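Chains as they are written, first to last, in my numbering: chain W, 485 to 789; chain F, 485 to 789; chain E, 485 to 789.
Quick caveat, the hints were computed from the structure, so don't treat them as lab data. These numbers were taken from a predicted model, which means no experiment stands behind them. Mixed in with the good hints there might be a few duds.
Said to hold, decoys possible - One side only, chain E facing chain W, incomplete, derived with CB under 8 Å: (1) M508; (2) F527; (3) P530; (4) R533; (5) E548; (6) R720; (7) N737; (8) F755; (9) M758; (10) N759; (11) L773; (12) Q775.
Stated by the list, open to error - Under the rule of at most 30 Å between Cα atoms (straight-line distance), these lysine-lysine pairs were calculated in the BS3-like manner: (13) K654/E <-> K722/E; (14) K722/E <-> K756/E; (15) K561/E <-> K561/F; (16) K486/E <-> K770/W; (17) K756/E <-> K511/E; (18) K486/F <-> K511/W; (19) K756/F <-> K654/E; (20) K756/W <-> K486/F; (21) K654/F <-> K722/F; (22) K756/W <-> K561/F; (23) K511/E <-> K486/W; (24) K725/E <-> K756/E; (25) K722/E <-> K685/E; (26) K486/F <-> K511/F; (27) K756/F <-> K770/E; (28) K486/E <-> K511/F; (29) K756/F <-> K561/E; (30) K685/E <-> K770/E; (31) K654/F <-> K561/F; (32) K511/W <-> K756/F; (33) K511/E <-> K770/W; (34) K770/W <-> K486/W; (35) K685/W <-> K723/W; (36) K756/W <-> K770/F; (37) K756/E <-> K770/W; (38) K511/F <-> K561/F; (39) K561/F <-> K561/W; (40) K722/W <-> K756/W.
Backbone N, C-alpha and C fix where the C-beta goes; we use that ideal spot for every residue, glycine too.
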Amino acid sequence: MKHLRSVDDLSTWEIEQLLHDATMFAKGEQWAPAAQTFIANLFFEPSTRTKMSFEAAERKLGLEVLQFEASMSSTQKGETLYDSVKTLEAIGANAVVIRHQQDRYFEDLVENIQIPIINAGDGCGHHPTQSLLDLLTIQQEFIVLQGLTVVIAGDIRHSRVARSNASLLKRMGANVYFSGPEEWFQHNDEPYMTMDEAVEKADVLMLLRIQHERHQEKSTVTTAAYHQRYGLTVEREKKMKPTSIIMHPAPVNRGVEIAHELVECSRSRIFKQMNNGVYVRMAVLKWALEQQKEEKVDGYSISGR
Amino acid sequence: MKHLRSVDDLSTWEIEQLLHDATMFAKGEQWAPAAQTFIANLFFEPSTRTKMSFEAAERKLGLEVLQFEASMSSTQKGETLYDSVKTLEAIGANAVVIRHQQDRYFEDLVENIQIPIINAGDGCGHHPTQSLLDLLTIQQEFIVLQGLTVVIAGDIRHSRVARSNASLLKRMGANVYFSGPEEWFQHNDEPYMTMDEAVEKADVLMLLRIQHERHQEKSTVTTAAYHQRYGLTVEREKKMKPTSIIMHPAPVNRGVEIAHELVECSRSRIFKQMNNGVYVRMAVLKWALEQQKEEKVDGYSISGR
Amino acid sequence: MKHLRSVDDLSTWEIEQLLHDATMFAKGEQWAPAAQTFIANLFFEPSTRTKMSFEAAERKLGLEVLQFEASMSSTQKGETLYDSVKTLEAIGANAVVIRHQQDRYFEDLVENIQIPIINAGDGCGHHPTQSLLDLLTIQQEFIVLQGLTVVIAGDIRHSRVARSNASLLKRMGANVYFSGPEEWFQHNDEPYMTMDEAVEKADVLMLLRIQHERHQEKSTVTTAAYHQRYGLTVEREKKMKPTSIIMHPAPVNRGVEIAHELVECSRSRIFKQMNNGVYVRMAVLKWALEQQKEEKVDGYSISGR
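Extracted from the complex, chain W is given alone in its bound form (with noise of 0.2 Å):
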């Protein structure tokens, strides 16, 4: 069984093929499996986009979706993450797509799990289909990666799509920088660059959302001020080469990573963004799935990783 738990699950020729098909339902093309195929989606966290998005997904590709309230199931009983998503298996679940606070919660599920699992976010760990998506978002703008130059601005520390990114986008050929306030770049892999560089050296602006709900202390700094010195102003985007364009995971904090007027600007690509993500979970929920039928075929399976 293959999961999807990071980007590092994925060979650089699946990323191609994933990719491909993405684009190719962009264009309208349909996929379905053979027969009835049941998905069941678990968000222990808040979510749109994402939620969404899966959902999305899963109606395009004709797969029944459980919808697993976790406010409203036996986690309130107690039950562990494992003990539901077994359940979801026994109920008839042919994969489950996950979101939890606890990084690493696939740890718990991989070893005894028959069923593909599809990371939608673990705690400030990963988030993979999103990593996807904004790689296929710059591809649609640079074709190639080869030299790129990307940074990726704000709370780098709480994302959880900063470092799988970084790490996605390397391996692609671009080159990668962080940007933001300096004290939470301790012990931090990628060169730093202010703000104001930025926005001239960058191709792609990559802003990240100010994640106040994972912050622990207080934040000495206020949002204005945060704004004017490590945010995207009215003015720095001013400076931005024609060519570049911005991006965000959202949900955006309006006049705190960026102005309020730049969200729908010319460069923005952020509902595009959001439009990928759908055709991107697409393709990897037929990868989950056809994965899943190619071991049954075969009748042996592939190492759990």
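Given the coordinates of chain W, assemble chains F and E onto it according to the supplied hints.
Same frame as chain W, but now just chains F and E:
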């Protein structure tokens, strides 16, 4: 793009068409869009009738329903309604149905949202599909509204139904009166009638729910006293004309606006209203989706009003 | 109208038919109603297995599912269960599945609701689809129940499963015993057995969950002490007969009723029970919907019991 914010968005001809379509749907007529179509339902306030009724209508038309649960969405991370709706548009929603506690929430949306917005209730403002289903229920009974006496009784001040209905019913030729505690009727356009007058004169007695959750000051009237002074008691009902009917948008406070025993009495149309609601919403969804298609086919955009 | 309130609503012949249908569904048999059919699921208590299992069953039969979320419904405005169900009937639900914290909640409903009510658990009362899936699981193992020893062990007092199952299993010929803390067994009809006796004599050892959330007084027994005195420990399991099986309706308190290691051991049927649950619920839904059709075709109403 045409939205349904209030009944004022509809011409009299459009209203007649919608009621005609609703009637045909009630008789079993089928209609479905040519391609897979997604509707996002965003309910920010509790709802049983309107939410379930829109969902039933959507399924009867073969539409895919994206259920947005505010309590498990990025609304919890501070995302605005505008950004949530824009997200759903980017993800592929072809229309949105919204109930929100803020009066005229749609004013922030109409300028930049490119898909139809169907208002399922805004604060103390409007509830156009309720007004349409009420109109259909009255037409089924009396065929024409010209000259009918309709009394809307109760919590006018907090009701998004009262004013919408009054406006629509007068436009269709009915004589509309308000009834209920006099201190709730400052600055009203409609003539006042006591409940004792109302039961004798009304062809349609439209009771409203006391919206305890919207009252900011504590009421000085107990529910038992309210029932005796302003409610439809068993005694008052006996004075109604043989042909007159009782309506209520529900949920009903049994024993307050209306005696428990009268909720399902022979002149009550309360559950008939709910049944009509499904067909009226099917007609509204068809109207919104066909509208959208015409605009795309013609290649120009009808003014967003 | 026939409802499924408890297994007492079913004749032995009907039970046999339901288990036959469930078995055929498990083998892949298809059945769907002739016209589009709506089922409303109303869950007023947290549930994973029962809720997801009913939903999977409904989708496998091609039914449209209306998911009623109590926390976002007019229940929040004080609407009664009766009015909510009546509303769903008016909106077009062809049957309702209800879990509610009130014992015998259905007594307020059966007189005036014209669609089948399927009880998915009432307070500490009944849980008929659980009893049926337990029966199916035992029949798959032993074919006939005549003469089998079944021990139901644990929190009998708060369990809606214990008494329903005892009654049904005795009707099918099994010898039923209860086990667990003696102070929980006042006024019980079933003979008592200690857990040490149970593991040696039972063909079926049916463990129940300690329902912490239903205990009003604080228990004086710690969970570790409970496990040692009344639970299925690793040591006790070794004394079980080679052919005997372990069952549990779940969610399991691992390390309390049952040792963690035994939940997925070779004699555990815990996840098999969940799998059977989907097929049993398909059979129950078919039974309820066909029932309804016959009544309509025949033009007369079978007494509502």
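Please write out, lowest number first, the hints stated earlier that are contradicted by the structure.
1, 5, 6, 11, 12, 16, 19, 30, 31, 32, 38
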